[in-house]
Amino acid sequence: MLTLHPVDYLIYQAQHLFKAVFGDMALQNPVGELKPNPVGVPIVLFCSLFLLFRIFHRDWRGISFTHPAFLLGALGWILGLQVARFWYDWGLPSLIFWFALEIQWLLEGRVARESWQRLLFPLLLCLAFFVSLGANQTNRWSVNAPLSIAYLKETEDFDTWLPGEDGMVYANSMGVLFNFSYTFPDAHWR
Amino acid sequence: MLGLEPADMEQDNLQVYWTYRENRDLHALAPWAKKLRPQDRLILIEEPHRKPVSALPMLTWKFLPPQYWIGKPPTAPGN
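These protein sequence lines are chains E and R, in that order. Per this note's numbering, the very first residue in the first sequence carries number 1; after that it's consecutive. Per this note's numbering, the very first residue in the second sequence carries number 1; after that it's consecutive.
Hints are computed from structural coordinates only; laboratory data are not their basis. If you're wondering where the values come from, they're calculated on a predicted model, not measured in any experiment. Virtual Cβ for every residue (Gly too), placed ideally from N, Cα, C. Among these hints, one or two may not hold up.
Which residues of chain E face chain R? A few of them, derived with a C-beta cut under 10 Å, are [as the list claims (entries may be wrong)]:
no., residue
1, L17
2, F18
3, K19
4, S142
5, D157
6, N172
The whole structure should be built from the sequences, with the hints applied where relevant.
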């Protein structure tokens, strides 16, 4: 409703879905998220560790491999081998939820509620999260349009390198739109 | 600024995009390079060593570190 074009908005969403998924060229060469997901060895190993732990301790109480979250995660993983979206949207969130339940079971059964050892696991998780978030993996923090534009502005004729009024930008990646739209939100380009 | 998903491109533009996506060959973008108006630009995200001038010599190119190549037609201002 906020678009003030509720009907057009819904029609556009439906049209876009069918064009992206069922278009002739989309079927031949689908976008990345509709392509198969890699096997993901780490996630399989991680699940196997929980399984081995339970086998080793012969403890099948609480949440286990018959839990709906695990079954949905496994199903999402299998279907994701054909279309990655099954894994990203269904499999991965379900397995993360299942991991949390398994870790809870692990802690509740073996570490006293008041023990300082309870803090150890979340602290390690927080540390891993902090380090991974700050890491400049694949140049995700250093590669940005404002940096490029700052470089461009150092050249004398930088205005002539940007599109003109009512100009059209052709690009080989949607990253161009995502990055430049923040730098030039009021630009009259398409 | 207005951006459109590739699926919403006009059919001829979409064909160029899909042909390029098959093997990321910059020669496939020649139809876009040839139809640029003075106010239009072709902006690529490519590694510095993948200089587009060899595949698309009809445009003048400028590299913006760390990953953008901007191409403008000979009729554009500043050429």
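Here is what the structure says about each hint:
Of the supplied interface hints, the one on E/L17 holds, with its beta-carbon coming within about 9 Å of a beta-carbon of chain R, less than 10 Å. Because the closest C-beta pair between E/F18 and chain R is about 9 Å apart, less than 10 Å, the hint holds. The closest approach between the C-beta of E/K19 and any C-beta of chain R is roughly 4 Å, which is under the 10 Å cut-off, so the hint is satisfied. The interface hint given for E/S142 is met, as the beta carbon of that residue sits about 7 Å from the closest beta carbon of chain R, less than 10 Å.
A distance limit of 10 Å between C-beta atoms decides the matter here; for E/D157 the minimum to chain R is near 5 Å, and the interface restraint holds. For the restraint placing E/N172 at the interface with chain R, the shortest Cβ-Cβ distance is roughly 5 Å, inside the 10 Å limit, so the hint holds.
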